[in-house]
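So the sequence lines, in the order shown, correspond to chains Z and U.
Letter by letter, the first sequence follows residues 1 to 113 in this note's numbering.
Letter by letter, the second sequence follows residues 1 to 393 in this note's numbering.
All clues stand as given, with none of them false.
Pairs of lysine to aspartate or glutamate residues, derived as DMTMM-like cross-links and limited to a Cα-Cα distance of at most 25 angstroms, are as follows:
id, chain 1, residue 1, chain 2, residue 2
1, Z, K2, U, D6
2, U, K102, U, E165
3, U, K102, U, D136
4, Z, K2, U, E287
5, Z, K2, U, E283
6, Z, K2, U, E300
Each pair of labels, with its calculated beta carbon distance range:
id, chain 1, residue 1, chain 2, residue 2, range
7, Z, P76, U, G80, 26 to 36 angstroms
8, Z, G77, U, D299, 50 to 60 angstroms
9, U, A31, Z, V20, 22 to 32 angstroms
10, Z, V20, U, A267, 27 to 37 angstroms
11, Z, T12, U, R115, 52 to 62 angstroms
If you are wondering where the hints come from, they were derived from the structure by calculation, not from laboratory data.
Glycine is no exception: its CB is placed at the ideal position from the N, C-alpha and C atoms.
Given next are the chains, with one letter for each unit.
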Amino acid sequence: MKGPAILLLVVTALASLAAVLVACDALPRSAADGATEFQRIVGGLGFGSSAQLIPCSYDFSPRLEDGCDADTWPIPGGRYFCPRHGLSLLAYRPPEKHAAGTDMQANRHAAIR
Amino acid sequence: MRRFVDIAYTGVAAVLLHPLRSGVTVACVVAVLAPYLAGLGVSKGVAEQAAESIRSGADMYVTGERFGRTAPLPLERAQGIRALDGVTRVVPRIVGRLTLGKDDEEAVLVGISPRDLPSGLRCVEGTLYDPASLNDLVIGTELARRLGLHVGSLIPPFYQNPQGERVSRFVGVFRSDVSLWQARLILTSFATASAVFAERDTASDLLVYCRAGYEEAVSRSILRLPATGGVAPRLRVATARDLDVLLPRGLLHREGIFNLHFLLGFAVSILVVLVTSGFGLAERRREIGILKATGWQTDEVLWRSVAESVVLAVAAAALSVLLAFAWLRLFNGYWVASLFLAGVGTVPAIRIPARLTPVPALVALVMSLAVVMIGTLYASWRAATVPPTEAMR
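So here's chain Z without its partners, still in its complex pose (with noise of 0.2 angstroms):
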C-alpha cells in the first residue's frame, strides 16, 4: 500500500505549493518601476486588452472612442462582427454619455415621458 500513500503525498505537496504560490501572487504590490512616470508624460492612456488601434480603438481606451468602431463604419451596426468584441479579456461597457446637448435631449425625453 505504498503506491497510494505516495500518490496522496504528491498530491497534497502540489496542492500546497499551487496555494503558496497564489498566496503570494495575490499580495497587495505597487506599480512596476516607471509604470506611474509613464502614465503621467502619457497623460493616462490605454485600459483595454489591445495594444493598438485597429481593429478597435475603443478596446486601446475608452479616452479616445466612447463606442466600438465597428457600429458606424463600414457596416452601420457592425459591433457584432468586431473580433475584438468577441474575445475581449477585459469586457467593459461604453462610458456614462458626458456630451454637450445631451443634458437637453434628457431633459425633452423626460419631458415626453
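Put chain U on the given structure of chain Z with help from the hints.
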C-alpha cells in the same frame, strides 16, 4: 468511519490501477483549465494597469464629437476650458494611428508636451524627446523589436506633409514592464505629431487637470461652453471617475466568446472523462462488476469513485495553477498572450501584465471537481446498478 476511510483509500489506489486513464483525465482537465487561468491572470494584470492609468492620468478628457463619432478639436477650445474655475492645467494631446516598415507594422503615435518631467526617467532607456526639437521619438518595445530599431536609430521620412518631411531619430525605448500600452507606442512632442499627421492647430483630446472636488462642476461647465466657429465639433467629456466605473470588478464581468470558449471546453472534457472512465473502458466496468459480486454495495462503489475523483480533480487543478503560473511568469505568456492581447506577438517583447488571485484558483478547483465527478460518477453508477454478471461480461 474507519470503513469509509478504508473505502476511500481503495479509491486512491484505483487512480494507480489505471494510470493511462488517470493521466488522460488529468491532462484533459489541465488542457482546458490552464489557458482559462492564464486568461484570467492576464485580465487581472491588465485591469491593474488600467487602474494605474486612471490614477496617474488627467482628471478628465475632452474630445470632439461629430455625427456621434469622435472628431479632432480645435486648439482654441482649450482657452475657454483654461478660464474655468477650478481648472489648473489643460494639455492638448494627439493620439493617432500609423503604419511603419515594409510589413506595415501598426503604431500608436502620441504627441504631447508634458511639463515638470522628473530628472532621472525610469520608464525609458535612453532619453525622452526634447519638446523643443522636432522629430525626436521614443518607441515601444514591441515596435522596436519588429522594426529592428534602437536608441539612436534614424529613419527616413515616413509621413507626408506639405510643409516638408524630416528624418526622425529614436532617442529612447520604453522599458518592457512599464505598461502593456507602450508596446506599439511612438511618443513625441505635440509639434512633431502635428507635423506627422499634417494637422495644424487641432488635438485629438484635451487633458484637463483640476483642483480636488471641482471635477463635477468643471465637467458641467465644459459642456456648457459656447461653440466657436460654424463647424466646431460638440464637446464630449470622460472623467476619471467614469473610467474607474468601467473597470471590471470580478469574474462575472468577463463575457463574450472568452467565457463561451471555455464553457464549450468544459462540456467536451466531461464527455472525454465519461468515455475514459466507464462507457469506453470495459476493464473498469468489469472491475466494478467484480466488486459488486464480492459484496460491495452501490453506495460503497460510488464512495470509492468520489475519492478517486477528488484525488484526480485536486491534482488537475493544482497542475493547472502551476502551469498557468509558469506560463505567465517564466515564459512571459508565450503564445497565449497573443491570443488575448491584440498587438502583442507570439513571443511578447513586453512584460505581460498578469496576476493569479485566489478566486480564479478556487474556481479552477470547483470546475475540475465538476468535470471529473460528472464524468466518473455517472459511469460508475451505471456500471454499479446493472447485475454483476452483465458488468463483468
